[in-house]
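Both chains come to you apart, so use the hints to assemble them.
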Amino acid sequence: MTTIDTRSASSARNKRPSWLRRHSPPYWLSLVGGGWMLAFFLIPLVSGLIVSLETGNPLSGYTLTWNWSIYKQLFVHSQIPYTTFMLRSLYYGAATTILSIIIAYPMAYYIAFKVKDRWKSPLLFLVLLSFFVSFVIRTDMWSFILSNQGIVITALRKLHLVSKNFHILGTSDAVIGGDVYNNLAFMVLPIYVALERIDGRILEAARDLYSNGRQVFLRVVLPLSRAGIFAGVLLVFITTVGDPVVSSLLGGVGTYTIGQAIQDSYLTNQQFNVAAALSTALMVVLGIIMFVYAKVFGTQNIENLV
Amino acid sequence: MSPELPLGSSPNSTTPPGLSSRRIPRRAVLRAGGIGAGLAGLSALLSACGIAGSSSRDHNNVDWASYWHEQKRTGVLDFANWPLYIDSEHGKSQSLDLFTKATGIKVNYESVIQGDAPFYATVEPLLAAQEATGYDIIVITSGWYLTQLINSNFLVALDHAKLGNFSKYASSLVKNPNYDPGNRFSVTWQTGFTGIAYNTKIIKRPITSFDDLSDPAFKGHVGMMNDNTEVGSAALLHMGVSPATSTHKQWQASTEWLKRQRELVLGYYDQSYIQYLENEDTWITQAWSGDVFQANLSGYPHLKYVVPKEGQMVWHDNMLIPRQAQDPLSALDWMNFYYTPKIAGIVADWVNYVCPVPLAKSYIANTLKDAPVANSPLVFPPASIVAKSHDFYVYKDYDDYEAWNDIYNPIIE
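Those protein sequence lines, which keep their order, are chains E and H.
Counting in this note's numbering, the first sequence runs from 1 upward without gaps.
Counting in this note's numbering, the second sequence runs from 1 upward without gaps.
So that you can see chain H by itself, here it is in the shape it has in the complex (with noise of 0.2 Å):
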């Protein structure tokens, strides 16, 4: 190759280049192309023009009865969940082996959802367009995200007469919740609480109220969550308020103490903050209990969960059916079978949140004899913990959310 001659301009020729043939100017080459893809691409997208609403659709009046009637079986149940949310060892798990093993059928387990709105984003389409996602059950936090897939009708409404153990055993904390009332459309797979969570080894005092999260001696070791339910629930608690109660006007004023308090932060984050607060980056961050139960076990003894005085908020991780599952009648049998002491205990013994089902308390003690896990306060809650437990806020339709996200946003952004 050699470039130093250019094209066009060979010393043997007779005629200067370009003159014997009228040559085209690269410029009017790009000039016609891109006149024509302009022509092209705007008549595609005219054609395309406007996104369609997840709930403007019309398959909202479904007869729940003959649906299950009409269901039949595949044998397969697909089961999308969050990673590392299931009892595991060596890549198999016990809890859904004893299911194959009593009902015959197969489970083919997923651990796919790396946070609701991710994995929200690629169902929604689906979904929308009356698709099947592929799963049977998908496991979807309280929230914005849950409340969408209802008031979209993208669940199937549950059978409650295949869910006898859910009414057996279910723990007063996870029925009838206030973002599904009845538990239409979920039954709750863990649930976990939202407080605050301190290094002891720096933080020399004792650790009682969300005004400690607003300390100016913790400057810049301050972590906060980076989603702004959480943010804006502890800022309702510090200010007296219960979230699920809540007024506009008091999610304004509570931005005051969150503004104030911003200084502090070192970041807002995400389930990452709790490596934040392992590598002491943090000493004192909002917190869920489950991962500090887990990072006491695993090497980080000092690190200390509170129930703020205020309060604490308490969410669920729930059980759903998107609609076209291929096969929701093994989906419910998997529900059912779930909300027993043993295969409840297994799992709880494993993933250490709070525990749906009380009765497996005594499983995990007596028949798993993991005492730690057994006696924790944070897998399974006395009553004095759960009476500071508050319920979040429910969206009533997007212009709701909205006005939380236009309050919030501009705290963690």
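The following block holds chain E by itself, in its conformation from the complex (with noise of 0.2 Å):
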């Protein structure tokens, strides 16, 4: 493709073409994901921006003050510890992504080495199958079964092996175990493109060479699965730090994140400019804590998986 492109481009430089028609195409094939970023990304967080920089209230309007003081209001002096719940949100992150990986790496690497090619489709429609339900029902779900009277605790205390006292509802771990149901399937797929691409003459080669097993998983199917983990890592990571659903239903006293917070102060308090104060300030800290894990752990590869 690309000689053809050489060979009329060095035909029509008799012509001279002006120099924008020649350089055009790659910004005009641009325009349609530029624009897609401009309306969905990038004008919502500067005006979330802007918004936070307002002062006023429902009733009277907010105008903009470029009131730059309401990150140290919310962050430094707040009577409401929003610090804590942000750094909260992060833990839940961190601590359902690295569960995820520990679950869903398995998971992926069964079905893409050690099932037969026509059980494939079959065990991915599986892992997909809990999509078919909003996530929000599934998650009340949860609620129930993890109930005081729900089948788990119920069996526990007959076995006696927790005290009557026990319960799993309105603690983190309910709240981290809830994020990774939910975004188990997310790292799952990635995961499993990126094994599934995995030539399996490689591996022939990794043992002819004398790798035992452990030496071909660590050093062959690992490195090479990186893309898929990185990509899961950004779904997982990201969905759970900004969710308010799965700590109100599974979370009680102290399981409140910065995702409630936000809609919290919007839809409850009406604080517009606190609520774009909470959400820009998640964006940043995502934003940062993204661009360094893609720094030290990043691969040129992702769009591979695409």
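Among the hints, erroneous ones may be present.
Claimed, not checked - Result set (DSBU-like, lysine-lysine): computed pairs, CA atoms no more than 30 Å apart in a straight line:
{"#": "1", "chain 1": "E", "residue 1": "Lys72", "chain 2": "H", "residue 2": "Lys259"}
{"#": "2", "chain 1": "H", "residue 1": "Lys101", "chain 2": "H", "residue 2": "Lys219"}
{"#": "3", "chain 1": "H", "residue 1": "Lys106", "chain 2": "H", "residue 2": "Lys259"}
{"#": "4", "chain 1": "H", "residue 1": "Lys204", "chain 2": "H", "residue 2": "Lys72"}
{"#": "5", "chain 1": "E", "residue 1": "Lys164", "chain 2": "H", "residue 2": "Lys259"}
{"#": "6", "chain 1": "H", "residue 1": "Lys304", "chain 2": "E", "residue 2": "Lys164"}
{"#": "7", "chain 1": "H", "residue 1": "Lys101", "chain 2": "H", "residue 2": "Lys201"}
{"#": "8", "chain 1": "H", "residue 1": "Lys219", "chain 2": "E", "residue 2": "Lys158"}
{"#": "9", "chain 1": "H", "residue 1": "Lys106", "chain 2": "H", "residue 2": "Lys388"}
{"#": "10", "chain 1": "H", "residue 1": "Lys304", "chain 2": "H", "residue 2": "Lys388"}
{"#": "11", "chain 1": "E", "residue 1": "Lys164", "chain 2": "H", "residue 2": "Lys219"}
{"#": "12", "chain 1": "H", "residue 1": "Lys92", "chain 2": "H", "residue 2": "Lys342"}
{"#": "13", "chain 1": "H", "residue 1": "Lys369", "chain 2": "H", "residue 2": "Lys92"}
{"#": "14", "chain 1": "H", "residue 1": "Lys388", "chain 2": "H", "residue 2": "Lys219"}
{"#": "15", "chain 1": "H", "residue 1": "Lys219", "chain 2": "H", "residue 2": "Lys204"}
{"#": "16", "chain 1": "H", "residue 1": "Lys162", "chain 2": "H", "residue 2": "Lys92"}
{"#": "17", "chain 1": "H", "residue 1": "Lys201", "chain 2": "H", "residue 2": "Lys309"}
{"#": "18", "chain 1": "H", "residue 1": "Lys304", "chain 2": "H", "residue 2": "Lys162"}
{"#": "19", "chain 1": "H", "residue 1": "Lys361", "chain 2": "E", "residue 2": "Lys158"}
{"#": "20", "chain 1": "H", "residue 1": "Lys162", "chain 2": "E", "residue 2": "Lys72"}
{"#": "21", "chain 1": "E", "residue 1": "Lys72", "chain 2": "H", "residue 2": "Lys249"}
{"#": "22", "chain 1": "H", "residue 1": "Lys201", "chain 2": "H", "residue 2": "Lys259"}
{"#": "23", "chain 1": "H", "residue 1": "Lys396", "chain 2": "H", "residue 2": "Lys259"}
{"#": "24", "chain 1": "H", "residue 1": "Lys396", "chain 2": "H", "residue 2": "Lys342"}
{"#": "25", "chain 1": "H", "residue 1": "Lys304", "chain 2": "E", "residue 2": "Lys158"}
{"#": "26", "chain 1": "H", "residue 1": "Lys201", "chain 2": "E", "residue 2": "Lys158"}
{"#": "27", "chain 1": "H", "residue 1": "Lys168", "chain 2": "H", "residue 2": "Lys304"}
{"#": "28", "chain 1": "E", "residue 1": "Lys164", "chain 2": "H", "residue 2": "Lys249"}
{"#": "29", "chain 1": "H", "residue 1": "Lys361", "chain 2": "H", "residue 2": "Lys168"}
{"#": "30", "chain 1": "H", "residue 1": "Lys249", "chain 2": "H", "residue 2": "Lys106"}
{"#": "31", "chain 1": "H", "residue 1": "Lys342", "chain 2": "H", "residue 2": "Lys101"}
{"#": "32", "chain 1": "H", "residue 1": "Lys106", "chain 2": "H", "residue 2": "Lys92"}
{"#": "33", "chain 1": "H", "residue 1": "Lys201", "chain 2": "E", "residue 2": "Lys164"}
{"#": "34", "chain 1": "H", "residue 1": "Lys101", "chain 2": "H", "residue 2": "Lys168"}
FYI, nobody ran anything at the bench for these hints, they're computed from the structure.
Structural data, given as structure tokens:
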């Protein structure tokens, strides 16, 4: 393809089309993606920042006063510990991400390498099956299963494994568990795609070169599936950190997250500037974390996965 | 597809890729795109800076007499209400059918209100732009959102000349409420109490007071509401202060008990609190009377609602006519039709909250033959219970509301 391009370019050299005509196609091609980013990322981000700098109230309206001090107010001198909520959300995000890698990697490995081809589609379908029900309903069902009258605790109590006062709902563990459950597929699928692309002959070659099973995995399979893990971490971590639903359905006192804080300050307290400041801060924190993460662990070939 | 072969490095190519014509690096494209996008975004934003307030519009002085004189009927009543909040049998409502039969007005009943805050958020932009919400009646709980609807001039003042049944049959509990003096904009749909409920299977001793919500014996099994108005009002009652006349100083002082009690609380819940109580996650909880009554009838007879000795809160869900309603006359007709022993009785017999028409009691007992409902003190409260019921504080303005939030939100968040 490129050969044709170069030839036509050299034959057209005599006619000398304008610089703009020769160089504009890449820009034109970026237009759709750029427009998308503009409409759904950049404008919301900047408008969030602007709203956060406004002061006022819902009755008399909000006006832009460049009130940068709101960030200090919220994260340093606040009555309400927003910094704690932020750190807690990041902790839930990190714990969820690590747990889902631990659970998802063997699942993806099994589907990619250990089952016959005709079973792969049904198994992947099973991974996706839970998406047929709204995740709010699924999460709410967990609050039913984990309740004190639910099957889990009743069974544990019957076996005398836990005391009468033991409970799961309302704890951080319940929230992290719910997050892992909800996001597992987002980890399984990218890892599966990465593993599936590994040429079986490479593994054979590794074995021919006297690698044992463990070495094959650690030195060949794991590095080759790095892009999948990378993509999975992005998907799971970002969704979990901002999520207000799981913590409100499965959590209790002491599991309040930044996502809930944003939702409550917007809907219940109608402090639009506070909600905007919290979301802007969250986006910035996530942005920094993701940037550092991509610099340290990033691969050039995420796009190969898509 | 062969992604292994990078594009632009075909083996037949004589010239190295990228030399024959200057290729534009991806970064440059991104950068240029970013700058362009940034400029466009900035200009779009600067033109849309600021958020208009709900009360900043000048459609405030309305001559309501001529407003009512000018209205025309469309013959269809659009009624927005909360889920499970009207009598219903096989998807049909007898009370609405009777209304249609009596007046010829078709009712388009929608259970779209899941909460005051989210519903307000959906109608506020329409009302602020002076557009129709699509509803002739909406049902909103007494509290900040109702106050905001009134203060923002988003509601139609009712023509009480057409509401004869209200003045005739309404109980004193719903007449002339502190949040809407003279019922200028609202008439109550249902009333409810907020008190304490507990599980008599687990808690063997009698529960009588808000102090029981801070009994260390129940650590990790106490439920509270996540509505800071409910939480704050309970704390004020616990302190012996009537919330309706409380001061900022008293609000501050009341948090001491809440902070102490927070250590025992499993969670601050929305209407799902009753599910936690039924599942024995919580043993004792702040509760709404109607929920407990319904739970008693549906397999949880061991749950008990108590009026704390310090008193209980009383709230009202109110029928309102939003501005720009298409058929406010039919809305008034329905309100008037509802305030009869028969219709209010049919609804109360199904929803089991406090009925605003006391005479409905004999209709339910004699015609509907439903003694448990007719004799329930939670549906038809005797004077002794009414005497122990307190009104909520009515926020004067947003600053007042914000002061309340600043004091009580650190508890529930």
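Query - Numbers of unmet hints, in rising order - result: 2, 3, 4, 7, 9, 18, 19, 20, 24, 27, 28 and 30
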